[in-house]
Every structure is written in C-alpha cells, then in structure tokens.
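Peer 1: Listed below are the residues making up each chain.
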Amino acid sequence: MTEHSRASNGTARDLLRFATAGSVDDGKSTLVGRLLYDTKSVLADQIEAVQRASVDKGLSTPDLSLLVDGLRAEREQGITIDVAYRYFGTPKREFVLADTPGHVQYTRNTVTGASTAELAVLLVDARNGVVEQTRRHAAVLALLRVPRLVLAINKIDLVDYDEAVLAAIAKDFAGLARSLGFADDAVVTIPVSALVGDNVVERSERTPWYEGPTLLGHLESVPVTGPEVAAPFRMPVQYVIRPRTDELHDYRGYAGQIAAGTVAPGDEVVVLPGGARTTVAAVETADGPLAAAAAGRSVTVLLDDDIDISRGDVLASAAEPPRVTDELDATLCWLAEKPLRPGARLLLKHGTRVTPVVVGAVGERLSLDSEVPTWEPAPEQLGINDIAHAALRTADPLPVDEYADIRATGSFLLIDPPTGNTLAAGLVGTPLAVAP
Amino acid sequence: MTATLPIAPASALDALDALESEAIHIFREVAGEFDRPVILFSGGKDSTLLVHLAVKAFAPAPVPFPLLHVDTGHNYPEVIDFRDRLVERLGLRLEVAHVQDWIDDGRLVERPDGTRNPLQTVPLLDTINEHRFDAVFGGGRRDEERARAKERIISLRDAFGRWDPRKQRPELWNLYNGRHAPGEHVRVFPISNWTELDVWRYIQREGIELPPIYFAHEREVFRRDGMWLAEGPWGGPRGNETLKKRSVRYRTVGDGSCTGAVESTATTLDEVIAEVTASRLTERGATRADDRLSEAAMEDRKREGYF
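Protein sequences appear in the order of chains A and B.
Heads up: the first sequence begins at 1 in the working numbering, then just goes up one per residue.
Heads up: the second sequence begins at 437 in the working numbering, then just goes up one per residue.
Everything labelled a hint here was simulated from the structure, so no lab data went into it.
Remember, it's a predicted structure, so these values are computed and weren't measured experimentally.
Note that the Cβ used here is the ideal one computed from N, Cα and C, for glycine as well.
Incorrect hints may appear among the rest.
Here are the in silico distance ranges between beta carbons for each label pair [what the hints assert, rightly or not]: (1) 520/B with 92/A: 39 to 49 Å; (2) 245/A with 566/B: 55 to 65 Å; (3) 566/B with 378/A: 34 to 44 Å.
List of simulated lysine to any residue pairs, SDA-like, C-alpha gap at most 20 Å [as the list claims (entries may be wrong)]: (4) 680/B with 653/B; (5) 338/A with 681/B; (6) 92/A with 712/B; (7) 492/B with 644/B; (8) 603/B with 417/A; (9) 338/A with 680/B; (10) 40/A with 712/B; (11) 603/B with 593/B; (12) 492/B with 286/A; (13) 492/B with 245/A; (14) 681/B with 658/B; (15) 92/A with 492/B; (16) 338/A with 380/A.
Chain A on its own, in the form it takes in the complex:
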C-alpha cells in the first residue's frame, strides 16, 4: 500500500468482488435491488426513471428489476440476458457485484461471474430449499474455486420465520458444500427476506433465533481473499518498456500485473518457457521503486541480466516454478453455441500468450442433474454450458499451475480462429473435489 493512498481522505478501504447466483424466482433481482437501495446506492433520478417506466407499463408499484435490466430487449421481455456489474460502497468497503442472470444459460453466466469473484451469494427459496439449480450453481462455484460462499435463504417471511425450516435447509446444503470441497468455515448461512428487508442490511427482530451477521455486515467484514498472495511468485510479461532516451538508454523493464505471490529486489526468478535464471534488480511503478509488491499489483520488474524476454513469457519464483508443458489435462466450460468436436484446431490464451492448440480426446462430462454432481462418460461433442475434461496439445510450451493451486496461471481461454469469439473457459487440471 502506498503512503499517499490514505492521504487526506480518511482510511483506505478495500474492494470485495462478489457474484450472485440462484434461479430467477429465488428473488435475486429483489435482493440486489435491496442491497443497492438500502446502502443508498440508487439515486433519486434512477428511482424516478423506474417509477416513470413502471407507470408506463401499467404497474401500480415500482418494478425494481428495471433498475438493473439495462438493455431494451431485457426490459421488453422482463428477463435478464447478460451479466451486469454493479457498484456500491459503505464506509467500510467498496463492492463490485457481478449480477448474473439465473436463466437457462446458467453455466455460462455463473462461470463468467464467478471467475473474478472472491465470494458468491447463492440464493435459495426458503419454501423450496436446496433444488437442482442450487446444486448446479454450487458445483460451478466450487469448480471455479470461489473461496467463500453465502447461502442466503430468502423469503423467510413466507415460512413464518420458522427456525426449524431454515436449520433443515442449512444442514442439507452443508452436506452438499462439503462434498464439493468447501471448507465448513468458508460457507455462511443467512436467513433473509429481500422483499421485506430482513437481515439484508438491517437486522430482523423476527428472527431472534438467528445470531449471525446481516448479509451486508458479512460482506463488509469477511476477509478479502484477493489474488493468491501466499502462492509462489508468477508474473506474465505484458509489455517491455524501453524508453530509448539518452538518460535511460539501457532501461529495459518488464511490465505486468503480479498474478501470484510477491516479488522483491534480490529474488531469484526464472523466465519461462525458456528457463533462463536471473535476479530481480528492482520493482518499479510510476511513483517510484517498491521494497516488495504482491499479487494484484501492476509493476515493472528490472532484472540483473540482459536476457531475451518478450510478451508472453512468465517470470516465476526460481525455487517453486510452474510446470512447463505442451500437453494439458484440463477442464473446459464450453460457453459457445458452436459445439466442440475432438480434433478442433483453436487458439488458446494463457496469461499474455496466445498459441495454437489442438483439442484431443474429450473425457468425462460433469453431470449436474443428480443429487450430487458426478462425472459421466464422454459425449460425442461438447455443447453450450457443458463442463468436461479434455486433453489439449499446444504449439508453444506453457508455464502452468493447477487451477486449484493458482487461479491466474491455471486458467485460459479457447478462442475460435475465424471469428475471434471466446469458446471456452479452461481450468488446468481437474479442480473439483468430486471423484470420477
């Protein structure tokens, strides 16, 4: 943290990125609306616009979903088509909320929202408890290694604030979460009514038996996990900074955002995939050199030796380097309408490198239809929203970590060469605890 970040404006606040999941009827839009409204993040002109549009539609009460459904087609159809990002803040923390639609395209949207989330709020309807959609979303959140979950049991007003109902759902879900690999202390269950406002921002007097935090209280106080600060150092090189001026004639800085770990002058690093070793001479930012920098920060690294390094290379801890390989066993989340056929020649983006890739055999597919997610035999081809194991061979060797160990160097995109479209989210290894 730089010194001036706290200057003249009180205390520095941190940032929590979180996502919502849950099916439409569980009241997700109402919950998002309630969070925004009760934290005073919705301003008068936005509320007026919603009231005006609600009257135009012949409604007697304001339709709060209009606050969040930003596209013409969404308002026309009354559905949420695409992930949207919302912002709000409290005196304690800033929030970026990936507001994902709960509709048919569940996997694609949940994957997109969960990829950057440090916490996910999973909604269930207190009247229905854990349903198929809950299991699907929980499995995808586990697969994407979202570190923390909130199970928000919504509509408690509709079950008469009955503690026994809530306890049964919580117990049911705890079993599912454990089977998916979530540690017990990573899951918090909160009974809420988004409609009435119970335990969302204000504590409810109607749930005297509940002693935990409100949803907002929990979001404000949960430790921000952030990128993998404790992991070994990784930094994909984005850009080589060479001023080529008289006074900076020999300056050669490797710019990037630290993907994992920390880096400090004197650290031994290896340049991959080449394998050259050298020592960090300086870690710089535009504001000056740093004694050390941690995951998440964009820096420029200067090295002791003149080595040929370019965009796409990865600087990594020499003591604990990633594996360099051109054969990947990975889990693919297929996001596109266009199906995947084995043998497909695509492009793969990993860190800052794009390389041709051939998809070999498609292995087991994750079935989310049963009580507990299970891997079932491979289908002929993958379709939209499928999650499956696959073997890939890349043209260039890649320095990779298991996604379960380091999200940033264990993730990649598959891209369609003719259209440039993103086809799949890729996770190195098999990052779901469910046994095949």
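Since the structure of chain A is already known, use the hints to place chain B on it.
Peer 2: Then chain B, alone, in the frame of chain A:
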C-alpha cells in the same frame, strides 16, 4: 478424495490501488495486442484520468498512443485551453475531428434542437476508419448508466462501428480477448469498474489537474429542462429563458448544448467529494439532457457506434 478450498490471507491492495492496477493492466494488454490504439479525450475528468493512468502504465517511456478529440464546436474555452496545455506538457500527439467540418461539407446536418452530442458518432467512426485505429480507449464507466453496466471492458465493434449487446463475448478472469477482423475495432474501457466517487478520490490522491469548470465559479446561465445551461454558440437563451448569474460547477464535460451545470459552492476537491457523496442525483441524470431523450437513449446511441 475431498480437497479443502484454500483461504488465502488478506490482499494488500486498497480499493483505489486495485482499480489503478487493473486499469494499467488493461492499457498494457492493448499495447501488447493491437497495432493502432488511440485514447478518446474530451478534456473531461474521466478522459483526463485515463491519460494519467496511461502515463503510469508506460513510465518512464512515453505513452505509445495518440489522443483523439471529437470536437463538437460547442466547447467551454477553459476545457480547450486545458486540453492543449495537457498535450503540450506530456508531449502527446492530438488528433482533432471537428464536427463542424462534417456539417460544412454536408456529411452531417445540424439538428433542429442545436445539440451536437449525437452528431459525434459519424466523425468518430470516419476518423477511426481514416486512421485505421483498431483499439479506441474511452473513459466510460459501468456505474454511469444501466446500458453501460452491461458493457465489456474490451468490447468488439463491427465494421460499421456498431455494438451488439446480445453478441458480447464473455469476459473471464483478467484474460481479455481482443481478436478482431480487419475493419472491426474494439472499444476499451479501463475504468469500467470505477464509480464517480472513486474517480474523484483518485484525482485528489494523485493531484490530477482538471479544467476549472469542475469547481464552483460564477457563470451566466439560463434554465432549460430543469438544468442550468451556459450561454454559447449552441443557442440560448431563447424565448423567455433569461440569463442569471449563479455559482455553478459541472459534473461532466460534454457538448455545451446539453450539458448542464449544478448549483454549487464547492471550490476544492474536499468540497466536491463531499458534494458528490451527498448528491441524490447521478451525474448523468443531473446534467445530461441527451440521456433523457428516451428510456434507451444510451443503448441506442451505443448501438450506432457512440461511446
């Protein structure tokens, strides 16, 4: 076999540091993957912030992109003066597309209401084509407007400059996909995840200079559609609109015909931040007439190629 998901220790970055690092990452990705990027620059606070972040992303080397100002001709003199001083001080290249040139040679027709904000799209797209720009940075933020909340950080535009919100690529982790065909380009929004308040706090923290119109000053203004508009070449006051001297400041910089001022006494950054914190109106709701044209005004303009 049951693994336990790890819980890593707390991140070291505060909110503004995290947003700054993300924006710098986006600038460097585009510099690495595109041939001819350009930064759209209006002299407003968001594009001034963009230029500041670009300088930080490539220091001590110069910013490897030029700036492009689509000039409606309806400017506040203080803003043009600020623009020219900034370009001079940072040694940047500036392209200016004058909307007036398009009107003069008949490619555009002045609107009856005199506002030129919607007229910017054609000069913008023509200039992008002419210079073969393939990545166009803008200071758009998702908190500004609900159609913008749906916008990707790197967002593909077709050969006609159009945005199709239903065909957006999913954006995962911090792996941005900038693939595009010849003739297509992308719009890039490095400060997508910032709020108006983040922008102001960062401007204060970094000591970034802004045009003086962002701070309260005495100005001759007239009332139209509930906003205070300044006198200028865009027409006004008309009919029974009368000029009055008021202490005002601007929350956004845009075409003078549709950008309103708010009454204010905030002359320092501390006072501006206090005022923005307490405001019950969004910046666009308070001061931008063009967003009031219809329920989907922003989306419709974006579909045509506007920012």
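Peer 1: Check whether the Cα positions of residue 603/B and residue 593/B lie no farther apart than 20 Å.
Peer 2: Holds, at roughly 10 Å.
Peer 1: Regarding the pair residue 603/B and residue 417/A, is the alpha-carbon distance no greater than 20 Å?
Peer 2: holds (17 Å)
Peer 1: With the threshold set at 20 Å, check whether the alpha-carbon distance from residue 92/A to residue 492/B stays at or below it.
Peer 2: violated (28 Å)
Peer 1: Is the straight-line distance between the alpha-carbon of residue 492/B and that of residue 245/A 20 Å or less?
Peer 2: holds (17 Å)
Peer 1: For residue 338/A and residue 681/B, compute the direct alpha-carbon distance and say whether it is at most 20 Å.
Peer 2: violated (62 Å)
Peer 1: Keeping to a limit of 20 Å between CA atoms, is the pair of residue 680/B and residue 653/B held or broken?
Peer 2: holds (13 Å)
Peer 1: Holds or violated: residue 492/B with residue 644/B, Cα cutoff 20 Å?
Peer 2: holds (12 Å)
Peer 1: So if I understand the rule, the pair passes when the alpha-carbon distance is 20 Å or less; does residue 492/B with residue 286/A pass?
Peer 2: Since the Cα atoms of residue 492/B and residue 286/A sit roughly 5 Å apart, the hinted pair holds (cutoff 20 Å).
Peer 1: Just to be sure I understand the hint, the distance between the Cβ atoms of residue 245/A and residue 566/B should be within 55 to 65 Å; is that true here?
Peer 2: Since the Cβ atoms of residue 245/A and residue 566/B sit about 31 Å apart, the hinted range of 55 to 65 Å is violated.
Peer 1: Please work out if residue 92/A and residue 712/B have their alpha carbons no farther apart than 20 Å.
Peer 2: Holds, at roughly 18 Å.
Peer 1: Range hint 39 to 49 Å: satisfied by the CB atoms of residue 520/B and residue 92/A?
Peer 2: holds (42 Å)
Peer 1: Is the Cα-Cα distance between residue 338/A and residue 680/B 20 Å or less?
Peer 2: violated (62 Å)
Hints 2, 3, 5, 9 and 15 from the earlier list are contradicted by this structure; the remaining hints agree with it.
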